[in-house]
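The primary structure of each chain is shown beneath.
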Amino acid sequence: MYGQRSYRKFLRSTREILRIVYRVLVSPIVLLSRAFSWLVEVIETWWKERRLVNLLWGLPAVVLGGVTVYFALGHEADSRFVRAARYARRGDDLLKSGEYQTASLLLGRAVSLNPADNAAAFSLAKACSGAGDGSRALAILDRLAPPNGIGDPDAHLWRAKTILSRSNIGESDLQAAESHLLNALKVRTSDSEANALLGELYFQTQLFDLAAQRLGQAVEEHPGYLLMFAKAVSLTGNSLRARSLAESAESHFRRLTETDPRNLQARLQLADSLFFMERFDESLEVLKRGLETFPDEQSLKNAAANVLVRWSDTLNNGSLVHRQEKLTKLTSALAFNPNELLVFDRLNRLFLISDDVRQAGKSHLQQNITDGIAVAMSHLILGTIADSGSVESVFHLERAYEEFPSASVIINNLAWAISHSESPDLERALDLMNGVIQRDDGSNPAYTAQFQDTRGQILIALKRWREAISDLESALNGIGDKNSAHQGLAQAYDAIGLPEIAEQHRRKTTTVEQNL
Amino acid sequence: MAALTVVGIGFLPLSYWHIAHLLNKPHYQFLFLLPVAVWMLALDITTAEDDSSGDLWGHVLGLAVLITGLAGLTVAAWYWSPWLAAVSLMFAGAGLVSAREGWPGFRRVFPLWAFFWIIVPLPFGLDEDLIVRLRALTTRISSSVLDQLGVFHDSYANIIELPGKPLFIADACSGIHSLYVLLAAALFLAAYLRRSLMHAVLLLVSTFLLVLVENTLRIVLVAVLWTHQSDFSTGWKHEFLGILLFVVSMALVLSTDQLLAFLLPNKMPSLRNLYYRVRWGIVPEAAVRPKRSSARSSPVPAWLVNATTGLVAFFPVVGLGQLFRMPESPPPLIAELYDDFRLKEFGRESMPDEIDGFRLESYDTVDRVFGDPLGQASQQWKYRSGLVSVMISVDYPYTGVHDLCECYSAMGWHISDRSVVSEEVLREQKYAGVDGPVGVGHLERETFGGGLLLFNLIDQAGHTEALIKALARGDADQRASRRLESFGSESSASNAKSEPVPPWIQFQMFARTSGPPDRELQHRLTQFFLTARQRLKTAILSELGSDLSSE
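Respectively, the protein sequence lines represent chains L and B. Mapping of the first sequence onto this note's numbering: position 460 corresponds to residue 460, and the numbering continues sequentially without gaps. Whatever position you read off the second sequence (first residue = 1), add 516 for this note's numbering.
Chain L extracted, bound-state conformation:
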């Protein structure tokens, strides 16, 4: 009995448990199906109430929404860095084509999108510089390549190049350029361009050892610097190596010239290499061939005149044959460059000895005047070699002055001639010299001294002693012939009552005469 009851109880409990299990398993499905049917009813009701006319009127808003979503997704897909790279590429293209304003706009955007892109920032600085916005370029470069710190090597290099390309470079500029180049080399130790520029800078400042050291590291990639390297090595005393380097330079430039006969710089460098090795005839030949291609190219003519002058310098002045050869070369140089003062200087020296060469030279210069060749220089030389103050001298120098009213050497000689003529016009001579000295920039100290000497002598003639002393004393160290200056000073010091100093100058005059 007890067992039967227990059995029934067990069955009831089992049924109850099964019912609970059933409810637990089935209830969610039932609830979900009820919720779903509710949702279907709601949607059905919603759909029945819809008016398609509302949708039709709403279509423009749907289209606008679609377009907005399209651009929003496009924005997400286009990353900042991808955009920055696109702007940088386009900006660089514009920079190369010289459209600086637009390039700076686009590169500015590239940098604002990706401030870590130093290459774009550097291009931006270049674009700003090209567009004339120097302050912005400098602001960027100060960040990229600070003057007193190590930064981006390209930016340092560019800053150095910009400084070195200026027309008037002072000591501080050279120091700044050197500092930038050294900073660039600290980051990229074997940067050949930086080495080349640094070598050039040292060469220009006559630090030939350092120049040779830097150029030696640059010439492999920049063979254009071979000749400068050869010159630097030569100036450090290693002539043999210099010769070898000059030969390498010759081969390099000859190859360039043969590849492209219109490559003017290569031709000039080839001629210079040959000139350096004192192969004057070959150098001249290279330049003449260049003139066949570029008949009006003044740089070729100037180089040819220079070669001829230097070539003439190698000839002995004592031999008549050599003097005649000198004359031939100098007159040829005059034909190449009628304004070359070296020619004037060498012809003057040549004509110091009165002989057949002088006569032949005079005839040649007169022929030049007749033929209309190098008229001003011919008049200048004829006026200079004629007796000082003679009518002939004054005439030729006046003509030269008419041709070149701003040529300081001509004015100097004219002033000298008219102050030493039979009826000297000292006031005009002084006016002329005042103008010359005012314009003189002091770039050629020998000429500056010569001008002061001339004015000093004019002032002596005008008895303006104190001013004359000032000029002549300034001139004394720079002029070759000091005799007349000492004489003038002796006269001036006598006049102002200082006979001791005058006597000392007179003694110097005697010494000079004895040395002569």
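There could be a bad hint or two in this list.
Subject to a maximum C-alpha distance of 25 Å in a straight line, what follows is the list of computed DSS-like cross-link-like pairs (lysine-lysine) [to be verified]:
id, chain 1, residue 1, chain 2, residue 2
1, L, 48, B, 783
2, L, 508, L, 482
3, B, 860, B, 753
4, B, 681, L, 96
5, L, 482, L, 463
6, B, 681, B, 860
Some chain L residues judged to face chain B by a derived CB distance under 10 Å, without partners named [claimed, not checked]:
id, residue
7, 62
8, 90
9, 132
10, 187
Non-contacting residues of chain B with respect to chain L, defined by C-beta distances greater than 10 Å in every case (computed) [to be verified]:
id, residue
11, 521
12, 624
13, 726
14, 737
15, 767
16, 785
17, 862
18, 1019
No lab work stands behind these hints, which were simulated from the structure alone. None of the values given here were measured: they were computed from a predicted structure. C-beta: ideal position from N, C-alpha, C; glycine also.
Got chain L; can you put chain B on it based on the hints?
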């Protein structure tokens, strides 16, 4: 209606001031259409079923709101705050209707009441902040779209710069004008068509987004057309484009309303129904909330009617008090915008070729859209000395004194230091040609270097002023509290000085350097500005025929 009129009388003087101030802002001039809109909405109310019954608590709450409105009006009258009066008017209106007609009565007028909120601008100058944010947002979105369209440009702060064409995103382009009009239109539409609250909210949000799209489209179109050699950034073309896009936007608001009408159910599904349906499988009748039976409604107690009537009588009294508190001269209902104000072109020769080592390089004239913060027109002389470039500019017209630092800030410059240097200090520092205060800003910008900005403005009578808002109002974070504290200072401040004669003309000098200018350069540039300014001021006043030109 009579009670409403009595309450309205109490608000009259302050309301005039409020409406006049609003109408002086270009983006609120659509309020001229307000009476028509109100009439249309009011018409709808009068034709509605009359149901004056309501529960007691609705009436009591209404009375409380009416008291709040009266208190607000009293404070507004005492401190002469037209904005507070406008808010109080809204409270008083709602309170009066609720107190007299209960909650059902208020529900009937709710659309009209909600629409009326358009006369209440955002407080504490938040609408100005909204303008600034909208400008920046519009610029960013436009820039992104231009990028996707392949139009190369630069974008910073509020500027989209195209090759050869900087586009300053002015108020007119930032969408603030059309935003207010279109929001008002959307609100009217929702109220007039008695849309559901959900519908109205979604329509307002959509309209806000629509305005962003409209103004982005305007900028993008101007930029794209510029790349095709067609300039729509100024003049009638710009105006035409603006009107066209506004009309399209208005049509799109209507279209959005229709779309929402299609999408949203006529009656929102009830969660209660969902519960019963899921729990029991059916929605029993008993589960549906029964309508309030009329048995629960009770007649309005007499004390409440009397209290309401008594309270209404106080409004005209406060209105009368306003007559003694109001400023002497009421503002004009329509301020002059001076959009046709022009100066003759002074030309390059009007300035010397060299000033203190700075050489004149160029002279330019610039035309911009009306409302542009840099002035609708400018005449600019550009000088240079080495790496320092200097621009002297005369910008006009401005309706008030203008903070130029904000413009440069909006152009991406960081203002590291700003100040207004008084005339006395300038004289002490031995400057020549001193005439009024000068605003000074020290500027910095990544990849641009440094800059020095000097500026001030003159009105038509030659009076000089300079303003830097940040200094006048304090830190931006503290702005709201400062504005609260400054309640009441408005009336006394406005009458303290002699009335200016607008439009104002701005003189500015912007010097660019690679880094911060040193003290010597600052001194040199300040003198440069004063010299140039003196010369230009004389020329301008001479042209305007001012008596001060001879001084």
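Right, here's what the structure says about each hint:
Annotation: proposed proximity of residue 48 of chain L to residue 783 of chain B holds, straight-line Cα distance about 13 Å (limit 25 Å). For a cut-off of 25 Å, the pair hint linking residue 508 of chain L to residue 482 of chain L stands: about 9 Å separates their Cα positions. Note on residue 860 of chain B and residue 753 of chain B: the hinted pairing holds, with a Cα-Cα distance of about 23 Å set against a maximum of 25 Å. About 22 Å separates the Cα atoms of residue 681 of chain B and residue 96 of chain L, which keeps this hinted pair within 25 Å; it holds.
Restraint check for residue 482 of chain L and residue 463 of chain L: the C-alpha separation of about 20 Å stays at or below 25 Å, so the hint holds. Under the criterion of a C-alpha separation no larger than 25 Å, the hint pairing residue 681 of chain B with residue 860 of chain B is consistent with the structure, at around 24 Å. Evaluation of the residue 62 of chain L hint against chain B yields a held restraint, the C-beta minimum of about 6 Å falling below 10 Å. Here the hint on residue 90 of chain L is kept, as its CB sits about 6 Å from the closest CB of chain B, short of 10 Å.
With its C-beta approaching chain B no nearer than about 9 Å, residue 132 of chain L sits inside the 10 Å limit, and its interface hint holds. Checking residue 187 of chain L against chain B: minimum C-beta separation of about 21 Å lies over 10 Å; hint violated. With a minimum CB-CB distance of about 40 Å to chain L, residue 521 of chain B clears the 10 Å threshold, and the non-interface call stands. The claim that residue 624 of chain B is not at the interface with chain L holds, since no C-beta of that chain comes within 10 Å of its own (minimum 25 Å).
Not every CB of chain L is more than 10 Å from the CB of residue 726 of chain B (nearest about 8 Å), against its label as outside the interface. Taking the minimum C-beta to C-beta distance to chain L, about 14 Å, the non-interface status of residue 737 of chain B holds against the 10 Å cut. The non-interface label for residue 767 of chain B is inconsistent with chain L: the shortest C-beta to C-beta separation is roughly 7 Å, within 10 Å. In this structure residue 785 of chain B is not separated from chain L by more than 10 Å, as the shortest Cβ-Cβ distance comes to only about 5 Å.
The beta carbon of residue 862 of chain B is kept farther than 10 Å from every beta carbon of chain L, the shortest such distance being approximately 24 Å. At roughly 33 Å, the least C-beta separation between residue 1019 of chain B and chain L is larger than 10 Å, which holds for a residue marked as non-interface.
The structure does not agree with the numbered hints 10, 13, 15, 16 stated previously, though it agrees with the rest.
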